[in-house]
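One letter stands for each residue in the lines below.
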Amino acid sequence: MERFIKIYKIFLISIGIAIFCCIISSYFSFNGNLTVSNNFCSKSSIISEITPTGRALDIEKNTKTGECYQRMTGEPAYINAVLPRSYNQAVVTLNYKNPSQNIVELGVLQSVTGAAELKPFENKFLDNCTWEKISSDKIILYQKVRNYNSVEEFINNPSLDKNIATYNYSLNYNYHMQGYQMFNEATEYNQSIRGRHELFTYLENENLDFTFYWQDMNSATADNYIIKIYKGETEIHSAWSATELNSINEKNIVLTGLSGGVYRIVLDVSDDIVTTKMKSQQHYLVFKNKLYLYDASSLMPEIVSNNDELIIKTDYENGLQSIKISEDTIKLNKISTYFTWRPQKNTIGSVYSIQPEKKNFIMQGSGFFALNKDNFFDPDYNIDRMKNSMDIEQYDYLIAANYTGPLLQTGWKNNSATFDLSKVSGDRKNLFFVISSPGLSEAKEDIIIKNVTIKLAREPLTLKNVFNKIFLIFK
Amino acid sequence: MKKRSDIFYYFFLTTFQIFLFFYFIFIVFNSLTNKFVSSYINLDIYLVVLIILGVITLWLRKKKE
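If you read the sequences in order, they're chains S and E.
Okay, so the first sequence: first residue is 2 according to my numbering, each after it adds one.
Okay, so the second sequence: first residue is 682 according to my numbering, each after it adds one.
Note that these hints are calculated values from the structure, not bench results.
Mixed in with the good hints, there may be bad ones.
No more than 25 Å apart at the CA atoms, straight line, and that leaves these computed lysine-lysine pairs for PhoX-like [to be verified]:
no., chain 1, residue 1, chain 2, residue 2
1, E, K716, S, K456
2, S, K145, S, K314
3, S, K280, S, K332
4, S, K430, E, K745
5, S, K414, S, K278
6, S, K62, S, K120
7, E, K716, S, K7
8, E, K716, S, K451
9, S, K7, E, K684
10, S, K10, E, K745
11, S, K7, E, K743
12, S, K62, E, K744
13, E, K745, E, K684
14, S, K414, S, K125
15, S, K278, S, K289
16, S, K335, S, K374
17, S, K98, S, K314
18, E, K743, S, K98
19, S, K346, S, K163
20, S, K314, S, K252
21, S, K470, S, K451
22, E, K684, S, K414
23, E, K744, S, K10
24, S, K44, E, K744
25, S, K120, S, K134
26, S, K374, S, K291
27, S, K98, S, K456
28, S, K424, S, K451
29, S, K335, S, K291
30, S, K291, S, K388
31, S, K120, S, K388
32, S, K430, S, K44
33, S, K289, S, K314
34, S, K445, S, K424
35, S, K125, S, K451
36, S, K252, S, K289
Predicted model, so just to flag it, every value in this text is computed and none were measured.
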């Protein structure tokens, strides 16, 4: 009997050691891989529940099937993963149901307070599109009427007079304004704008000539004023200027010998900086995606915009007001709260007038704003980025890149997104994944998530790697 | 020839000892690794199993005496 007990002892110890070795191996990632998951039935110490409260409900359990899941009611929502080591790549797989939203994207926060790199996750416009489809090198083109025989043909010569929707793809084209005439007199843009803004202007056979006036609201520390000018994606000029506190600062930029077309000017400044005035030879000037009007003066702008969805917020009591947008009136009656506006009927190419009563509010969208209707032009022609609330039948072409639709398995959708974690700041052991689907809070049905699996990869921990690391430490 | 209750006693005693040994190892490693072990092993259920094994072992020992 002693022999039997001895064999049994060795057997049990071997199992224990094997389990312990597996855990140690996962912890140190000797093979460079770690797979962690959360099925919401038991609490995971690595992957959190979906947060924050208010955008995600408590975990629910289906007593019939034993499945646990969490509902996402607003966006963006976050999934936090606390990892034992830093990894270079993460493949995030979700098992979910999405009955209402057309577009869902998944991202990873580059830093805790920074922006997220969003990847396509689900796009029902593309999944359900029955148009003529051609694809090449991860780029997919849908045509309502077949005019192109290849994706390359479309990319090299897109029909800019047609309506095009893009997804995860930037279509390169040179904007040309028919019948453009330069202005002999300088235009003054007298509205104060706060923080970072992206401006687009158009010129032909003339100098790019801008003078910026600004002041720092923070009287203790001065922030620099950084201006970057781009043609397409290429930076052609950058200027830096120190700010003098308690006074109006000024910087003039003149660029000569430029080819005709659209130029992008990025005012890369903090929210402490208020650009009080701009003076330019360029008469066409629009602001992309964001306009933060900050002023106490009574001179109200006649804003126009081609945004078909606006998110408006004020952080100040004196910014509470009613804003007339097209035929509607939006009441900003609460500070630090987002108010959304959409037109009753949206047609591509529509430009809406915005008439605020006061300033001190921020408007965001995915189109352009101008401070006066005479300054407005659309540098994107009728090329729109796909968004949840669009009417796809108004478009003639859809182009997307690097998109694979979800698979449907026993009533649940399954899809993955791969992230390069080398861009994430810090030690990369505390990752925040973002689930984004604008308009979810107003949707009839929630996104339901049943399972989150994260496959992580790094270089394997071989003896050679260990020695190299030790060598680097001593070096 | 030993009695059947003796065989059971030694069988449960051995199991209890080894489970207890690994429980301490897992607890220590879990606290050192920010609860990494608990993402693989449910240590609460492990503790319950350990207590049940301990009770059975004690009962068998009493029976043996």
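Structure-based check of each hint:
{"no.": "1", "hint": "E:K716 <-> S:K456", "in the structure": "holds, 19 Å"}
{"no.": "2", "hint": "S:K145 <-> S:K314", "in the structure": "violated, 38 Å"}
{"no.": "3", "hint": "S:K280 <-> S:K332", "in the structure": "violated, 32 Å"}
{"no.": "4", "hint": "S:K430 <-> E:K745", "in the structure": "violated, 53 Å"}
{"no.": "5", "hint": "S:K414 <-> S:K278", "in the structure": "violated, 51 Å"}
{"no.": "6", "hint": "S:K62 <-> S:K120", "in the structure": "violated, 29 Å"}
{"no.": "7", "hint": "E:K716 <-> S:K7", "in the structure": "violated, 33 Å"}
{"no.": "8", "hint": "E:K716 <-> S:K451", "in the structure": "holds, 23 Å"}
{"no.": "9", "hint": "S:K7 <-> E:K684", "in the structure": "holds, 18 Å"}
{"no.": "10", "hint": "S:K10 <-> E:K745", "in the structure": "holds, 21 Å"}
{"no.": "11", "hint": "S:K7 <-> E:K743", "in the structure": "holds, 23 Å"}
{"no.": "12", "hint": "S:K62 <-> E:K744", "in the structure": "violated, 44 Å"}
{"no.": "13", "hint": "E:K745 <-> E:K684", "in the structure": "holds, 9 Å"}
{"no.": "14", "hint": "S:K414 <-> S:K125", "in the structure": "holds, 12 Å"}
{"no.": "15", "hint": "S:K278 <-> S:K289", "in the structure": "holds, 18 Å"}
{"no.": "16", "hint": "S:K335 <-> S:K374", "in the structure": "violated, 29 Å"}
{"no.": "17", "hint": "S:K98 <-> S:K314", "in the structure": "violated, 31 Å"}
{"no.": "18", "hint": "E:K743 <-> S:K98", "in the structure": "violated, 57 Å"}
{"no.": "19", "hint": "S:K346 <-> S:K163", "in the structure": "holds, 20 Å"}
{"no.": "20", "hint": "S:K314 <-> S:K252", "in the structure": "violated, 30 Å"}
{"no.": "21", "hint": "S:K470 <-> S:K451", "in the structure": "violated, 40 Å"}
{"no.": "22", "hint": "E:K684 <-> S:K414", "in the structure": "violated, 59 Å"}
{"no.": "23", "hint": "E:K744 <-> S:K10", "in the structure": "holds, 23 Å"}
{"no.": "24", "hint": "S:K44 <-> E:K744", "in the structure": "violated, 40 Å"}
{"no.": "25", "hint": "S:K120 <-> S:K134", "in the structure": "holds, 22 Å"}
{"no.": "26", "hint": "S:K374 <-> S:K291", "in the structure": "holds, 17 Å"}
{"no.": "27", "hint": "S:K98 <-> S:K456", "in the structure": "holds, 21 Å"}
{"no.": "28", "hint": "S:K424 <-> S:K451", "in the structure": "violated, 28 Å"}
{"no.": "29", "hint": "S:K335 <-> S:K291", "in the structure": "holds, 20 Å"}
{"no.": "30", "hint": "S:K291 <-> S:K388", "in the structure": "holds, 17 Å"}
{"no.": "31", "hint": "S:K120 <-> S:K388", "in the structure": "holds, 14 Å"}
{"no.": "32", "hint": "S:K430 <-> S:K44", "in the structure": "holds, 19 Å"}
{"no.": "33", "hint": "S:K289 <-> S:K314", "in the structure": "holds, 17 Å"}
{"no.": "34", "hint": "S:K445 <-> S:K424", "in the structure": "violated, 36 Å"}
{"no.": "35", "hint": "S:K125 <-> S:K451", "in the structure": "holds, 20 Å"}
{"no.": "36", "hint": "S:K252 <-> S:K289", "in the structure": "holds, 22 Å"}
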